[in-house]
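Make a model of the complete structure from these sequences and hints.
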Amino acid sequence: MLQCVFLLSDSGEVMVEKQMTAHRVDRAICGWFWEYVLAHAAGDPSKVVVSPTHYLFQVYRHGVTFLACTQVEMPPLMAIEILDEMMDNGFPLTTEPNILKEMIAQPNIVSKMLNVVTGKSSAIGNKLPDATASFVHWRTTVVKDASNEAYVSIVEELDACVNREGVLVKCEACGDIVVNSSLPGVPELTLSFANPTIINDVRFHPCVRFRPWESSQILSFVPPDGQFKLMSYRVKKLKTTPIYVKPQLSSDLGNCRVNVMVGIRNDPGKPIDSITVQFQLPPLIASADLTANHGTVDILADQTCLWTIGHIPKDKAPSLSGNLRLEEGLAHLHVFPTFQVKFRIMGVALSGLQIDRLEVKNTPSAPYKGFRAQTQAGRYEVRS
Amino acid sequence: MFGLQASSAAASWVVGRMGTDAHLYDDPEDASIPALLDSRFDADRIDALKRLLALIAQGVDVAHLFPQVVKNVAAQSLEVKKLVYLYLLHYAEKRQNEALLSINIFQKDLSDINPLVRAWALRTMAGIRLHVVAPLVLVAVKKCARDPSAYVRKCAAYALCKLFDLLPEESTTLEEIVDVLFSDNSPGVVGAAAVAFKSVCPNCLALISKHFRRLCETLPDIEEWYQITLIEILLRYVIARHGLVKDSVMFASNLSLVAQGGVTVDTMSYTQPTSVGGISGTRPNIMLLRHYIEEHPGCFDREDDKFSSPSVTTSTNDDVAILLKCTSPLLWSQNSGVVLAAASVHWIMAPVEEVKRIVGPILFTLRSSPDAAYVVLGDILVFAKTAPLLFAPYDEDFFICSSDPYQTRALKLEILTTIASESSIPAIFEEFEDYIKDPNRRFVADTVAAIALCAQKLPSISSTCLEGLLSLVFYESSITNSVHLDGEDIVLVQAILSIKAIVKIDAASHEKVIIRLVRRLDKIKQPAARSLIIWIFGEYSSVGNLIPKIIPPVLKYLAWSFAAEVLETKLQILNASAKVIIHSAEEHLEEFKRIMAYITDLAACDLNYDVRDRARFISNLLPCGKTSLNENDSTCQSHSQDIRKELADHIFGGKIPTTSHSDSNYRIYLPGSLSQVVLHAAPGYAPLPKPQSMELIYHTIKLTRDTANSSESNNSNAESESSYESGSVYDSESEGGGLSDKDATGSSQYPNDDGHNLHHRQDNQEAPLVHMYDDNVDQGQTGRNVEDNLSSLISTDLTELMSKSALESWLDEAPALPAVQESMQKSIARVSFTNRSFERKPKLHTLLDPSNTSGLSVIYAFSAEISPISRLLVCIDLFVENNTTDQLTDIIIKSEEASISKDEMDQTSEGSASIPTLAPVEEIRSLAPQQTVKMILQVHFHHHLLPLKLSVLCNGKRHPAKLHPDIAYFVRPLPMDLNAFLCKENQLRGVFEYARR
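Going line by line, the protein sequences match chains A and B. Those letters in the first sequence? Residues 1 to 384, per the working numbering, in order. Those letters in the second sequence? Residues 1001 to 1997, per the working numbering, in order.
Rather than coming from a laboratory, the hints here were simulated on the basis of the structure. Treat the hints with care, as some may be off.
As the list claims (entries may be wrong) - Below are the SDA-like pairs computed for lysine to any residue, each with C-alpha atoms no more than 25 Å apart in a straight line:
no.	chain 1	residue 1	chain 2	residue 2
1	B	Lys1050	A	Val16
2	A	Lys237	B	Tyr1435
3	A	Lys236	B	Lys1082
4	B	Lys1082	A	Ala301
5	B	Lys1523	A	Gln3
6	B	Lys1246	B	Glu1223
Note that the coordinates shown come from a computational prediction; the quantities given were computed from them, not determined experimentally.
The structure is reproduced here in structure tokens:
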């Protein structure tokens, strides 16, 4: 069990403290933790820290450190996942987001205006959410004002790794099937794929029934209301990436020539946009002079060079070139940066996964069904 | 442009905060809170309460408003109620009397029509943790466990956990409620019941048996957090009921060891894959079974490391089959905690051929979040070490991304090294080559070390590795010569270390590598790297055909550069030249001797005394270097020369035993546990129960439960009483009178024990409430003036302590006191409360229980006494009792790991020993039937919560036992005067005292 949760700001100040058990955890532990982080870990502490009195789990998101303390054995993944949950949902009384939203009204623009105008603010629901009583705990029993629509979108992330020789070491697509359902009653949905055999690993929302998937790779489920992640999957061992990035670094006499070429290797049939290439400048660089024939080049505060390309133009191949001046006394570059590539393609799933059909049963009238696909780069790395 | 962005950001900030409560956090006290609290309007009261909660969150103590807040508990508005509840939960313990005022309202709310109100009332009532209220809460929980609303029943289950802390003596009643909740229809309630089960009666596995099948079937329907808990309970139940599965990985790993007998480890690991179907080359030196299962004497006879009574079942057993069947869909859960829990069930229970199915899902969880990946990788490492072939095809999942934090990278590297095989090594090496150019130098050094490990594992690739490492050494040495940065040379040093490790396996065939390395010597400037190469040169100077040929120039070079070297390198040069002399052939000996003489002459005039000493030592040991002064007594000379020669051979020629990378000291805990992440048994960690121990556990439920409690908390005397009784349950004749019996023997044997430590005397009814006396009188000490001592103590101690940070000063090792203060320590007046209701009995824990040790019972209690040896030691009273009818002889208690010698006791160095150590204790010659003997153990826990592993020898048999430390006894009183105390207190930033910046 967790004994206490602290939320620390980026300067180590305690913002929120929540004691869970009778054994209170003193605030001094936060001071200890912060000193530990500064002293030992240089900003990259372990996820589980052993302090003299407690075990601390920490998760860092958007400048806020979530620190959970315990003294006794507990599954660490439970702690980390719960802390992770809290990023979206505040404190989990129940972690099913649908129920939480009903219990604690999220501030939206309408309610905010209402509060400002009427001078009253109530964030706590007065009634026990229906879903706590329902057997399928992710769905409220009565869905009102449903517009009778269901949208299914495939959102894929392409993880790839190209080594220094330019060989594609690893290329896989991790996808989520995100459903946005707005259906009345208790609908029964069945989703089937045209080519389910290409999928290597899967992970399901609790609403998915396991047996139909086991026997015939069909997703059968009663959806929660609103948007949710129905399934995550992974397709391994893809053969190519849609774009290529070819970095060349050659260093001589204290200078390092940088040249990066980007181009389309394998046209997916849809436009590729939001292309960026990012890399950490190597240490021991005195000055950097980088220009591109297309897009903009920024050197950010943390010594990161960001090359924003956007679209690849028809008439020329974008390339970044320039010179890095090494520090005095250093003739050659001895460490090489890794280039992180981002892009986005609307309308296509690069893994090739295709939805065959979506059947909706148990609704009063035939609902509107929509499908979409999108691919973006995940951990797409090119070593130089 | 920039201005526009800033103003739009400010605008969105304003909009984002409009209508929220954020402004309350900026300055909660800008309005009069008491006035608002008394307002007639709900909105005002809500505002006031929110301000109070904001103050609490910022660490300000607002307990003084308690009465005014409690008044509002009767409000009709649910929002007011909820906020009051939050406030109440925070302060109820501090303001017990006022908190009682709210009980009536809770009682009323419990029968409210709105289930949310009922649930809140129950949660708060259980949460305020007042002993007086506990019986009322128990009644409420009983009622709510049958509530029509599932949400209320769920809250009842949670209330059980809180109640168990307050009313441990009511555990049977609580168990009954858990039983009721387990048979609930709603999956949510069943899940909460699992949580309650785990905290109320984790060993009461018999309770599960009638629900087992249904629990398995509801498993997929309950919420994911509960799934983790329930899976663990079900696994424990199956192990305790049916034992291990015969063809599982875990059993196979054990079996191979038993079968092994005289066969060497190496042949076993090659034959094993064929026998278990090829998927897991189980390494017999990892005894999973021994790590996972609770140690029971009789189950493992530790003398010969054999598993004597294998209680096994097959995977066709109904209960095993259904558990496996119901957990397998959970491998697809979106929560990685659930995936890992389900995978560990399969890892432990599933037949070897089916373990394969856990690999894909576990590897997929690595993609979920970097924090979860770190935990999962730790568990994968254990799996991979046990069955490397299982993960061998998936090497690319462990390839390192630039976004991985350092800890994750280190784990991935270790896994890659473990699973590397002949077929996958080329791909892995290509990756390693890329990693060597990584900007993170520490990680590069780790990679270089990993290359050596791979080469040691797969000798066929060692020459490729050496080539790569050599070119790395050349490359690194050219770079690091030009730039001097801290920590830049770790890669170079590690590369040479790796070469050394590979060369060690077969030095003769790699002699060219050594020569190339030595030839590079004048280019390499880093002292650490230089001395390593010189060591390699010295060590292998007689190996092969080519090396002896290069000795003369190298030795001359070393002699030439000697004066310019640093200390470390000078010492290595001396050692290396001594080794050369010992191994060299006749023809060059004279030349070498001259060089040696030159070096020792230089060294004899060195500034550093270590170098001078070493030179003197070597020149005496190998007098050949010096021109002998006394030629005349040649017989004596030759005789002593023989001895010296032999001595020198031993000192310089001794080959290092090839230490295989053994896993024997590798700590393994259950997959998915915190202990596995931190690599020590966290308090509350429980290994799997003994296989097929269901009946045994059923009888001793009470005992084990009470010992499990012992870590819980300091509770009323009621608890300690019950745990005492359970300790003496085996004392069959005097169940009720055991208490007084034991006292009689205890006090008769130890008349010195003046009772302020063990307060369980029967005659204390008439004692006055508060007992004050000066120990000087009792101890008969002619102490000095108490105040004098105090002030001297404060002046010496506080100055040191004040500099430390607040937390540390209470925890850290108290500075060793001089002897004068030792006596002073005892001369402080003692205050003891002897009223019955205030009585504090020492909590007794069982170390050995007589059912397992053929009648020897050992109970221990922590005492507040200060050890006469050192203040760092914690005293533990040990009561050894003979429950048999025969004489027990030769009872010896010793530590399994290490014991401290006298001189080490005052050492305060933390780094040297982190495992608890035990001061030696005298043995008990013999123990008559029913006799109890008290001993005092003195243990240095090093402020860690690691249990002390003891072995108790009795009648020649060895019983392993674990002594769990109690953190409260690490803390020592620190005497200080009032002003110093106030000053110190002001510096403490606790929950309630907070200085705003």
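Status of each hint after checking the structure:
no., hint, verdict
1, B/Lys1050 x A/Val16, "holds (13 Å)"
2, A/Lys237 x B/Tyr1435, "holds (22 Å)"
3, A/Lys236 x B/Lys1082, "violated (50 Å)"
4, B/Lys1082 x A/Ala301, "violated (46 Å)"
5, B/Lys1523 x A/Gln3, "violated (57 Å)"
6, B/Lys1246 x B/Glu1223, "violated (32 Å)"
When held up to the earlier numbered hints, the structure conflicts with 3, 4, 5, 6 and fits the remainder.
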